[in-house]
Amino acid sequence: MQLRYNVRMYPTPGQRQALARTFGCARVVFNDALAVRRAAHAEGLPFPKSGDLAKRLITQAKQTPERAWLADAPVGVMQQALRDLDTAYRNFFDSLSGKRKGARIGEPRFRSRRDNRQTARYTRSDRWAVTPGCKLRLPKVGEVRVRWSRELPSDPSSVTVIKDASGRYFASFVVETDGRKVTAPKFFRRAEKKLRKAQQDLARKAKGSANRKKAVVKVARAHARVADARRDFHHKLSTTLIRENQAVHVEDLCVKGLVRTRLAKSVHDAGWSAFVGMLEYKAARYGRVFTRVDRFFPSSQLCSACGFKDGPKPLAVREWTCTGCGTLHDRDVNAARNIRTEGHKVAAGQAETRNARGAQVRPARVPAQRATRTPVRKKQEPTRRARPTGRVQAGIPGL
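Numbering (the numbering used here), first residue to last: 10 to 408.
By construction, these hints were calculated from the structure, which means they are not laboratory data.
Check the hints yourself; a few may be wrong.
[What the hints assert, rightly or not] Capping the alpha-carbon separation at 25 Å, the derived lysine-lysine pairs in DSS-like fashion look like this:
#1 Lys274 with Lys195
#2 Lys216 with Lys203
#3 Lys274 with Lys216
#4 Lys322 with Lys190
#5 Lys354 with Lys318
#6 Lys291 with Lys110
#7 Lys265 with Lys216
#8 Lys227 with Lys203
Based on the provided sequences and hints, a complete structural model is requested.
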């Protein structure tokens, strides 16, 4: 899961000028790429690729007098501007085709230097870093003083420098986290002792008696308390997940098959199907992306670090080491990472493992072949004729 942390920056006047040049270079590269693609579309030419645009608008443009000042900005920031343009076009086309839900996304527009809000995104290739003195070192800018309100949970993958309309500067970090594990409350297991006692009291009551009717109501109320507690937990957890995330990916488990195993009581107690149903309709209500990863996807067998398939493992194995790269994995965390990766592919229509790679998982039913042998005619036995007689006794002929 990716989280974003925003902190306040206090650049010096010289650093503000350097950041302004970086903002301007990223804006110019974005506008040049947009102009080239619009011109290609108007002339009926193929859509220019990002690699060709980077070579033409960044590498070669630096050698010209008109764009020589592009050398004042990091290359990664200008390349990120091209990736942002790709994302804008992708959202625009998905909105036209109906693939992207929600409000209609318009065509990318040119960025204006008069906009009060300016941004520039630095990636790992730009070699930015947080210094031991808790300052943010940016290429071609220097070490900028930052006021940290809290510590980052892990190393950030990128940082976006933002200048808002009021002239303030912020650093926005994208941090990769593993999320959190949610332990099943096991409502039925905790109330099982009381339920057993209520069932025993009911069994001892005489059928048709008033006490038996009271015992039936008591058992029903005990089951209702368990169901209500489970439903309340499902609603709270599903609402939290939908509000905190833009996309939710779940594994399409075969619940009907699991309830026929020794795990039946635990599966029923977890209420997986009801919980997934809540996630699905709440995602549609709040405009979130919801996908189901196919049940045949080997989420517990793949290494989320290198992709090596390590084979099936019994449920007792909660941690394992990948034989391909040597990474130690928590079984649940590793499976969650694989489901997230596969869920992104399913949402983008690029999943290869969905529905067993498109092949039929189980062979279809084929009608049995019928024999085509020539039927053998049975030898008819000669008809036995009754001997003529002149007397009949007790209705039996021939006697």
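Here's how the hints hold up against the structure:
1. Lys274 with Lys195: holds, 10 Å
2. Lys216 with Lys203: The hint holds at about 22 Å.
3. Lys274 with Lys216: Not OK: Lys274 and Lys216 at ~29 Å, beyond 25 Å, violated.
4. Lys322 with Lys190: holds, 20 Å
5. Lys354 with Lys318: Since the Cα atoms of Lys354 and Lys318 sit roughly 18 Å apart, the hinted pair holds (cutoff 25 Å).
6. Lys291 with Lys110: holds, 14 Å
7. Lys265 with Lys216: Answer violated: Lys265 to Lys216 is near 34 Å, above 25 Å.
8. Lys227 with Lys203: holds, 11 Å
Comparing the model with each earlier hint shows violations of hints 3 and 7; every other hint is respected.
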